[in-house]
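S.K.: What follows is each chain in one-letter form.
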Amino acid sequence: MTESTETRSVGERTTSPEAPAADERENRQSTKQVGLWGDAWRDLRRRPLFVISGVIILLLLAIAAFPGLFAPGDPQAQDLSLAREGPSAQAWFGYDVLGRDIYTRVIHGARASIVVGVLSTLVAVLIGSFVGLLAGYFGGKTDSFLARFAEIFLGLPFVLGAIVILSVFNAGIEGSPGTVRVMTQVILTIGVLAWPISMRIMRSAAIAAKQQDYVNAAKALGASHSRIIFKHVLPNCLAPVMVYATIALGQFIGLEATLSYLGLGLTSPVVSWGMMISDSQQYIISTPHMLLFPAGFLVITVLAFVMLGDAVRDALDPKQK
Amino acid sequence: MRKRRMVAPVAASLSAALLAAGCGGGGGGVTEATGTLEDPITVKWGEPQTELVPTNSNDTNGGTVLNAMFTGLVEYDPETYEPRNAMAKSIERSDDKKTYTVKLKEGWKFHNGEEVTADNFVRAWNYTAYAPNGQQQASFFDRIEGYDEVHPADPDGDGPQKPPEPTAEKMSGLEVVDDHTFTITLKEPFAIFPETIGYEAFSPLPETFFEDKEGFAEHPIGNGPYEFESRTPNESLTLTRYEDYQGADAGNVDAIKLVVYEKSQTAYQDLQSGNLDMIDEIPTSALAGGRWKEELGDQAISRERLGITTLALPLYDEKFQDPKLRKALSMAIDRESIVKEIFNGAATAAEGWAASSTPGYEPGACGEWCTHDPARAKELLEEAGGFDGTMTLSYNADGAHKQWMEAVAGNIRNVLDIEVDMNPVPTFGTYQDKMDNQEMPGPYRYGWVADYPNVETFLKPLYGTDASANYTGYSSEKFDSKLAEADQAATEDKANELYLQAEKQLGQDMPVIPLFTNMVKGGKSERLSEAVMTPRNTPALTALKVAEQTQ
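Which chain is which? The protein sequence lines are A and B, in order. Under the numbering used here, think of the first position of the first sequence as 3, with each following residue one higher. Under the numbering used here, think of the first position of the second sequence as -1, with each following residue one higher.
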């Protein structure tokens, strides 16, 4: 199965544009429905990279949605007499320093980590790309203004900024604020503080793209700004931002852990991979399995998203067609 | 410049001298260099937060140095931490139980040759207490009569309102009788007062201090076993032994260099590679899994800290009114396992409300309530009518409390079936505010370090009605009256006995749950045969001894 898709996609890449691709193009012109995204989707389905990453991501989403199906135990169940015991038949991943089953905790920790990771990446990339696109496309005063504005956020150290934002919004709350509230705040905080990076990437890509002939051609034909931005500039700028987003995703899952560590992010009894990793740091020599399993899941997740990003970028990039 | 002795420092102490005799004295020649000014014993240190003056220095780094440079009326033995007279020949209490007559030992001199007289004490104490001088150690004198006149209380703490102007410059409770005698009058009788004045704040100050305070801060002159030699700010400070010291705790090493380290990790590595002789802190990375004990072997130093960690309960919250619930929580917590698994044995499970190494203390006041008994805990919770809703445990996230707090939460959750969530407060400042304003949403961690080596310091300030650190709102008439009775007691022993009885009342009411006492941890190099940490987590410089080398 895999092999056949492999050869097909390789075959497609190496063929000269005249033969089957020309067929396809005719095909497309005749149906006329297939746009940029449709084209990309058709392309994606044939890529093994996409299929593999897609399956992993779906599995992770299933774990995040129904952790009980994969690990029926209680992630908080603690037995100090089992503390730091290594992997065994009873506990596949071993026990942590409080004698809690690491497998159960990793499975139950997927939800918080994936939700925070994916949503904060979305927020950061959406804000950043939009602002960057405007700045890059319009240039001049708009650009200077938006770029300076972004630099304000860029100049703010992440941890300091997060402490200010989170402690201001939670001031005067009796006890610990609810999980949903904290999660939303963490996502927005990361998004707000991290968007300037994707803004800069998008901006430089947009500056390069707007000087292309096809943009000038569209302008000459009298296309509106919004049409040029979304139909011509954006698709040509997505690739670098996509790459950044997939890398940022892993980073943001880690940032969530930093915030939890400082007492600003998610707190027990919520479990997240970031918290598990930061808790296990000081036991790395004596109890490595405490770190390896949550870190392994984090790596797989990030890898899956990176592969997905790669595949989507290739599919979207018209130059590679 | 002083002439420096070139004799081997080991010969200075009696016990080391005996050791040397045992070895035939052959090593004496070889060790000559170690511990002298050319090759001083080095100790990890940190830059003190204030200038090195006993009236104003209240951090442990400053304390380490000042403790060696100054000797007050009373000192604490570095090994046992028992108080004993140092400069005081006698401290006698009058019949009204409020006035003490202090007789000083004669012939003691400051490092500059000035004789130490009663006036040096009284002037120094008055200077510290007088509010406009802004000395941080002022509150140490608040038991002395006339303190309120020289240091009126600020009506709103640290708030914007200014405290009223002092109406006197000197405390009326201090009076010089002659050169070597003075009297101290207290506001209220306090039987153990002489035990409480062993800290640097109660040091005498020489005439030169009052003449040139800035010069003094740069080159402090004390009357203690070690004198100031030189200092490079943010780098190091060197002390040399004061030859004419009259006291018992005279020190053994000729020269000690305190070296400033920013990171305990660096100091730890330097100790292992032989570049440093003593550290008073073990980095967290080495603490994990008890690694430091394996790495340092018999060079590791640890002893019980004179402090205690408790789980305080917000008695201002109606959910925590029933002592049975509080006892149920206490019995649900598995102290022994937490100490063993999380602290790797570097702590001891509490059996009462004071650190068990406190001189004159008998642990055990908590009795069965401090044992882990899940069945009994469940029964008690049922008798108390259960617990509604979620219990929120708070701790300050800037200390290393997360791990064991989660273990406590896990115990409560597993044993009592109560929903527990955590409330880490980012900074201790905010945490303190929440305690002050009685805003804690549930049980919270509380740590207390003794002000003086007596059980009283663990009781009255924490559980006395409206006491300075009573944040839980606990108030018990029986407890208060036992304490008052103890303060009035005829002898210190009698007072101790009554304090212990007062502690029993806490066992009935369980206003806070005693958990454990941490160890102070440090390490020494092979060049030292002996190095002692005080239970207040500072190196005891006078107890350092250079090892005998036998090549």
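Watch out, some of these pointers could steer you wrong.
Pairwise CB distance ranges (calculated) [as the list claims (entries may be wrong)]:
1) B/S137 with A/P290: 55 to 61 Å
2) A/L162 with B/K476: 26 to 32 Å
3) A/T144 with B/K261: 34 to 40 Å
4) B/E260 with A/L158: 21 to 27 Å
5) A/L162 with B/G105: 43 to 49 Å
6) B/Y314 with A/A79: 42 to 48 Å
7) A/I286 with B/Q486: 35 to 41 Å
8) A/L162 with B/P162: 38 to 44 Å
9) A/E153 with B/P162: 38 to 44 Å
10) B/A467 with A/T144: 37 to 43 Å
11) B/Q270 with A/R47: 36 to 42 Å
In case anyone wonders, no lab produced these hints; they're calculated from the structure. Bear in mind that the values here come from a model prediction, so they are computed numbers and not experimental data. Here a beta-carbon is modelled for each residue, glycine too, at the ideal position from N, C-alpha and C.
S.K.: Compare the structure with each hint and give your call.
M.R.: Now for the hints, and whether the structure bears them out:
As the Cβ distance of B/S137 to A/P290 is approximately 49 Å, the hint placing it in 55 to 61 Å is violated. For A/L162 paired with B/K476, a C-beta distance near 50 Å fails the hint of 26 to 32 Å. Between A/T144 and B/K261, the C-beta spacing of about 47 Å breaks the proposed range 34 to 40 Å. Distance hint for B/E260 and A/L158: a CB-CB separation of about 25 Å, consistent with the stated range 21 to 27 Å.
For the pair A/L162 and B/G105, the supplied restraint of 43 to 49 Å is violated, since their beta-carbon distance comes to about 58 Å. For the pair B/Y314 and A/A79, the supplied restraint of 42 to 48 Å is violated, since their beta-carbon distance comes to about 33 Å. For A/I286 paired with B/Q486, a C-beta distance near 57 Å fails the hint of 35 to 41 Å. At about 39 Å, the CB distance of A/L162 to B/P162 agrees with the hint of 38 to 44 Å.
The supplied range of 38 to 44 Å is broken by A/E153 and B/P162, whose beta-carbon atoms lie about 50 Å from each other. Between B/A467 and A/T144 the C-beta distance comes to about 59 Å, which lies outside the given range of 37 to 43 Å. As the Cβ distance of B/Q270 to A/R47 is approximately 59 Å, the hint placing it in 36 to 42 Å is violated.
When held up to the earlier numbered hints, the structure conflicts with 1, 2, 3, 5, 6, 7, 9, 10, 11 and fits the remainder.
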